[in-house]
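Next come the chains, spelled out residue by residue.
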Amino acid sequence: MVTVKECPAKTTAQTVYSPASAPDYVPIALLRELQLSRLKNIVTRAWERVPHFRARLDERGLTPDRIRSLADISLLPFTVKTDLRDTYPFGLFASPMEEIVRLHASSGTTGKPIVVAYTRQDLDVWTSVMKRAFATCGLHSGDVIQNAYGYGLFTGGLGAHYGAEDLGATVIPISGGNTDRQIMVMKDFGVTAICCTPSYFLHMIERAAQLDIDIRDLPLRVGVFGAEPWTSGMRDRIERLTGIQAFDIYGLSEIIGPGVAVECPCQNGLHIFEDHFYPEIVDPDTGNVLPDGEDGELVLTTLSKYAMPMIRYRTRDITALMPEPCPCGRSLRRMRRVGRRTDDMMIIRGVNVFPSQIESALLEVEGTLPHYQIILTRHHGLDQMEVQVEVTSESFSDKIGALEQLNDKIADAIEHVLSIRVQVTLVEPSTIQRSEGKAKRVIDRRLQP
Amino acid sequence: MKLQQLSLFSENKPGHVIAPCRLLAREGIDIRALSLADTQRFGILRMIVSDWQKAKRLLEAAGSAVKVTEVVAVEVPDRPGGLADVLSLFEGSSINIEYMYAFPFLRGEKAVLVFRFDQPDAAIERLQVAGINVLDGGALDNR
Numbered sequence: 409m410v411t412v413k414e415c416p417a418k419t420t421a422q423t424v425y426s427p428a429s430a431p432d433y434v435p436i437a438l439l440r441e442l443q444l445s446r447l448k449n450i451v452t453r454a455w456e457r458v459p460h461f462r463a464r465l466d467e468r469g470l471t472p473d474r475i476r477s478l479a480d481i482s483l484l485p486f487t488v489k490t491d492l493r494d495t496y497p498f499g500l501f502a503s504p505m506e507e508i509v510r511l512h513a514s515s516g517t518t519g520k521p522i523v524v525a526y527t528r529q530d531l532d533v534w535t536s537v538m539k540r541a542f543a544t545c546g547l548h549s550g551d552v553i554q555n556a557y558g559y560g561l562f563t564g565g566l567g568a569h570y571g572a573e574d575l576g577a578t579v580i581p582i583s584g585g586n587t588d589r590q591i592m593v594m595k596d597f598g599v600t601a602i603c604c605t606p607s608y609f610l611h612m613i614e615r616a617a618q619l620d621i622d623i624r625d626l627p628l629r630v631g632v633f634g635a636e637p638w639t640s641g642m643r644d645r646i647e648r649l650t651g652i653q654a655f656d657i658y659g660l661s662e663i664i665g666p667g668v669a670v671e672c673p674c675q676n677g678l679h680i681f682e683d684h685f686y687p688e689i690v691d692p693d694t695g696n697v698l699p700d701g702e703d704g705e706l707v708l709t710t711l712s713k714y715a716m717p718m719i720r721y722r723t724r725d726i727t728a729l730m731p732e733p734c735p736c737g738r739s740l741r742r743m744r745r746v747g748r749r750t751d752d753m754m755i756i757r758g759v760n761v762f763p764s765q766i767e768s769a770l771l772e773v774e775g776t777l778p779h780y781q782i783i784l785t786r787h788h789g790l791d792q793m794e795v796q797v798e799v800t801s802e803s804f805s806d807k808i809g810a811l812e813q814l815n816d817k818i819a820d821a822i823e824h825v826l827s828i829r830v831q832v833t834l835v836e837p838s839t840i841q842r843s844e845g846k847a848k849r850v851i852d853r854r855l856q857p
Numbered sequence: 004m005k006l007q008q009l010s011l012f013s014e015n016k017p018g019h020v021i022a023p024c025r026l027l028a029r030e031g032i033d034i035r036a037l038s039l040a041d042t043q044r045f046g047i048l049r050m051i052v053s054d055w056q057k058a059k060r061l062l063e064a065a066g067s068a069v070k071v072t073e074v075v076a077v078e079v080p081d082r083p084g085g086l087a088d089v090l091s092l093f094e095g096s097s098i099n100i101e102y103m104y105a106f107p108f109l110r111g112e113k114a115v116l117v118f119r120f121d122q123p124d125a126a127i128e129r130l131q132v133a134g135i136n137v138l139d140g141g142a143l144d145n146r
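Top to bottom, those sequences are chains C and R. Add 408 to a position in the first sequence, counting from 1, and you land on the number used in this note's numbering. Add 3 to a position in the second sequence, counting from 1, and you land on the number used in this note's numbering.
One or more of the hints may lead you astray.
To be verified - Under the rule of at most 30 angstroms between Cα atoms (straight-line distance), these lysine-lysine pairs were calculated in the DSBU-like manner:
no.: 1; chain 1: C; residue 1: Lys817; chain 2: C; residue 2: Lys595
no.: 2; chain 1: R; residue 1: Lys70; chain 2: C; residue 2: Lys807
no.: 3; chain 1: R; residue 1: Lys16; chain 2: R; residue 2: Lys70
no.: 4; chain 1: R; residue 1: Lys5; chain 2: R; residue 2: Lys59
no.: 5; chain 1: C; residue 1: Lys807; chain 2: C; residue 2: Lys817
no.: 6; chain 1: C; residue 1: Lys807; chain 2: C; residue 2: Lys846
no.: 7; chain 1: R; residue 1: Lys16; chain 2: C; residue 2: Lys848
no.: 8; chain 1: C; residue 1: Lys489; chain 2: R; residue 2: Lys5
no.: 9; chain 1: R; residue 1: Lys59; chain 2: R; residue 2: Lys70
no.: 10; chain 1: R; residue 1: Lys113; chain 2: R; residue 2: Lys70
no.: 11; chain 1: C; residue 1: Lys595; chain 2: R; residue 2: Lys59
no.: 12; chain 1: C; residue 1: Lys848; chain 2: R; residue 2: Lys57
no.: 13; chain 1: R; residue 1: Lys16; chain 2: R; residue 2: Lys57
no.: 14; chain 1: C; residue 1: Lys807; chain 2: C; residue 2: Lys489
no.: 15; chain 1: C; residue 1: Lys848; chain 2: C; residue 2: Lys595
no.: 16; chain 1: R; residue 1: Lys57; chain 2: C; residue 2: Lys595
no.: 17; chain 1: C; residue 1: Lys807; chain 2: C; residue 2: Lys520
no.: 18; chain 1: R; residue 1: Lys113; chain 2: R; residue 2: Lys16
no.: 19; chain 1: R; residue 1: Lys57; chain 2: C; residue 2: Lys846
no.: 20; chain 1: R; residue 1: Lys5; chain 2: R; residue 2: Lys113
no.: 21; chain 1: R; residue 1: Lys113; chain 2: C; residue 2: Lys846
no.: 22; chain 1: C; residue 1: Lys817; chain 2: R; residue 2: Lys113
no.: 23; chain 1: C; residue 1: Lys489; chain 2: C; residue 2: Lys848
no.: 24; chain 1: C; residue 1: Lys817; chain 2: R; residue 2: Lys59
no.: 25; chain 1: R; residue 1: Lys70; chain 2: R; residue 2: Lys57
no.: 26; chain 1: C; residue 1: Lys817; chain 2: R; residue 2: Lys16
no.: 27; chain 1: R; residue 1: Lys16; chain 2: C; residue 2: Lys846
no.: 28; chain 1: R; residue 1: Lys5; chain 2: C; residue 2: Lys595
no.: 29; chain 1: C; residue 1: Lys807; chain 2: R; residue 2: Lys16
Think of the hints as simulated: they come from the structure by calculation, not from any bench. Treat the numbers as computed from the prediction; the structure is a model and nothing was measured.
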């Protein structure tokens, strides 16, 4: 269920207009003109410099001058993750190494990672969109930002770092991990904003409570959470437990890293920094472009990326574009929060299941913290799903009957969402592995003997 | 007269009861009474300990889900009918026993019964009127 929030009066942050936000308000006609001219440039650049891309256009008998309007983008072929793997490591680069000043790589869990490159100018663009993202969340100079995204090959840490510095905020480059130190720093350094994955922040909340620290008593007022899908129910939970305002930020390494889109204080959809990233929504099966407002797969084109232009990149994230104007006044279109990815989908007894559906079901049951894990197994050729949920001091009862009721209540809530009954297992607190980065929600044991 | 009992959630898997017991042992906390209720999938470890506040703090810091419940401990003669006599006091009353467990004193001919009642105060009154010795925490120490 989506809670519609009043806007923008609700924000706890004193909203200060930041000059960095000026491009967010550019008149739409001007924005479309800018997008078209940048699109033509980037397609030409990729065609001239990336043989892989040129070959794909040749197959279709296309040349860059065929792009005369933004709608013509649909003539271009998609780029998918395997294109990056197939051309590993540097095959999609459009700049010589002399002009490339930074490489990042995805946390590829299977096989080779994917590598992305930045020129000096690309880094400037990235810094500027991250700076605009922080400004959109009501942050400014004087804020103390604890950056708990991982520093290193992962784009989260450095992307947030330079944007926050450019904003004039005080950055604490603490990176991920060492939760007790995170909490100490948050308290002792008067941290006002934190960036990390929402699941890691939940872990911090839990650990702070064990250390008898109530985050509500600290100056922390803003959280900028991303790098994994999370539900609005999870947001409500975080905000209620800590008194902060929690913003969703979206991005992916293939496009630039964090800073592709961010929520404004209205917290109803994420504004896409459209002057640099052109969004489309397509039917994940047919690839046909869908009209605004319809759910489909987000496809992004980098309009100003030199080192590695991404043309019509299939993000595998399911969302919809929200064309109606936002009360905050930004002309940038919004995308709905990403709750699902096309590759997250599990099929259990013929029913399509996404981890976010389990999460929203759990949030309906009072007292369950969203520490859960989905275990997939195969039994006599049938896929089975078990949902493990941690018992909390709040949900735990001293009576067997009450625990069995809790178990049933969770199974009922999941059945209500999925229309199938799955096995629910209550497990001891803190036994589901906590992630300091992206949470691993699904353990797939289907292919194990 | 009511005692604070700690209940811990435990998965029904080998080795899951020993960790909290070890923790309490290391901190010099004595477990005076203990019972384990279990189903196929999970269990509840219920304990009366020498310092429940400290034990609760330690167990929670170690990541356990802990509930404090008020229970009533009474002393009965360790002989056939000892338990039945106590239970008969509540027959036909509105007081419900949610669960109970028993253990013998190390010395002497007494046994201790630990009850969780839905109305502990009313239950204590009834027990005392019947002349049954309702124990406080200290009495469990001196067994």
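Hints, verified against the model:
For the hint linking Lys817(C) to Lys595(C), the alpha-carbon distance of about 37 angstroms lies beyond 30 angstroms, and the restraint is violated. Our distance criterion of 30 angstroms between C-alpha atoms is met by Lys70(R) and Lys807(C), whose separation comes to about 10 angstroms. Proposed proximity of Lys16(R) and Lys70(R) is supported: the alpha carbons are some 21 angstroms apart, at most 30 angstroms. Between Lys5(R) and Lys59(R) the CA atoms are separated by roughly 17 angstroms; this keeps the pair inside 30 angstroms, and the hint holds.
Between Lys807(C) and Lys817(C) the alpha-carbon distance is near 15 angstroms, which keeps this suggested pair within the 30 angstroms criterion. Simply put, Lys807(C) and Lys846(C) have alpha-carbon atoms about 35 angstroms apart, too far for the 30 angstroms limit, and the pair is violated. With a C-alpha separation of about 23 angstroms, the suggested pair Lys16(R) and Lys848(C) falls inside the 30 angstroms cut-off, and the hint holds. Between the alpha carbons of Lys489(C) and Lys5(R) the distance comes to roughly 64 angstroms, so the proposed pair goes past 30 angstroms and is violated.
About 8 angstroms separates the Cα atoms of Lys59(R) and Lys70(R), which keeps this hinted pair within 30 angstroms; it holds. Pair hint Lys113(R) plus Lys70(R) holds up; C-alpha atoms about 29 angstroms apart against a cutoff of 30 angstroms. A threshold of 30 angstroms between alpha carbons decides the hint, and for Lys595(C) with Lys59(R) the separation of about 25 angstroms falls inside it, so the pair holds. With a CA separation close to 34 angstroms, the supplied pair Lys848(C) and Lys57(R) exceeds the 30 angstroms bound.
Taking the CA atoms of Lys16(R) and Lys57(R), the gap is about 26 angstroms. The hint holds against a cut of 30 angstroms. The hinted pair formed by Lys807(C) and Lys489(C) fails the criterion: a straight-line CA distance of about 51 angstroms is larger than 30 angstroms. With a C-alpha separation of about 28 angstroms, the suggested pair Lys848(C) and Lys595(C) falls inside the 30 angstroms cut-off, and the hint holds. For a cut-off of 30 angstroms, the pair hint linking Lys57(R) to Lys595(C) stands: about 25 angstroms separates their Cα positions.
About 50 angstroms separates the Cα atoms of Lys807(C) and Lys520(C), which puts this hinted pair outside 30 angstroms; it is violated. Using a Cα cut-off of 30 angstroms, the hinted pair Lys113(R) and Lys16(R) is violated, with the two alpha carbons roughly 34 angstroms apart. Proposed proximity of Lys57(R) and Lys846(C) is contradicted: the alpha carbons are some 35 angstroms apart, above 30 angstroms. Under the criterion of a C-alpha separation no larger than 30 angstroms, the hint pairing Lys5(R) with Lys113(R) is consistent with the structure, at around 19 angstroms.
Pair hint Lys113(R) plus Lys846(C) does not hold up; C-alpha atoms about 57 angstroms apart against a cutoff of 30 angstroms. At roughly 43 angstroms between alpha-carbon atoms, Lys817(C) and Lys113(R) are farther apart than 30 angstroms, so this suggested pair is violated. Distance check on the hinted pair: Lys489(C) and Lys848(C) sit about 20 angstroms apart at the alpha-carbon level, within 30 angstroms; holds. With a C-alpha separation of about 27 angstroms, the suggested pair Lys817(C) and Lys59(R) falls inside the 30 angstroms cut-off, and the hint holds.
Restraint check for Lys70(R) and Lys57(R): satisfied, since their Cα atoms lie roughly 13 angstroms apart, inside the 30 angstroms limit. In summary, the hint linking Lys817(C) to Lys16(R) is supported, as the alpha carbons are separated by about 23 angstroms, within the 30 angstroms threshold. This hinted pair checks out: Lys16(R) and Lys846(C) have alpha carbons roughly 28 angstroms apart, not beyond 30 angstroms. A hinted pair counts as satisfied when its Cα atoms are at most 30 angstroms apart, and Lys5(R) with Lys595(C) does not qualify at roughly 39 angstroms.
Taken as a hint, the Lys807(C) and Lys16(R) pair is honoured in the structure, with Cα atoms around 19 angstroms apart against an allowance of 30 angstroms.
In this structure, the hints that do not hold are numbers 1, 6, 8, 12, 14, 17, 18, 19, 21, 22 and 28, in rising order.
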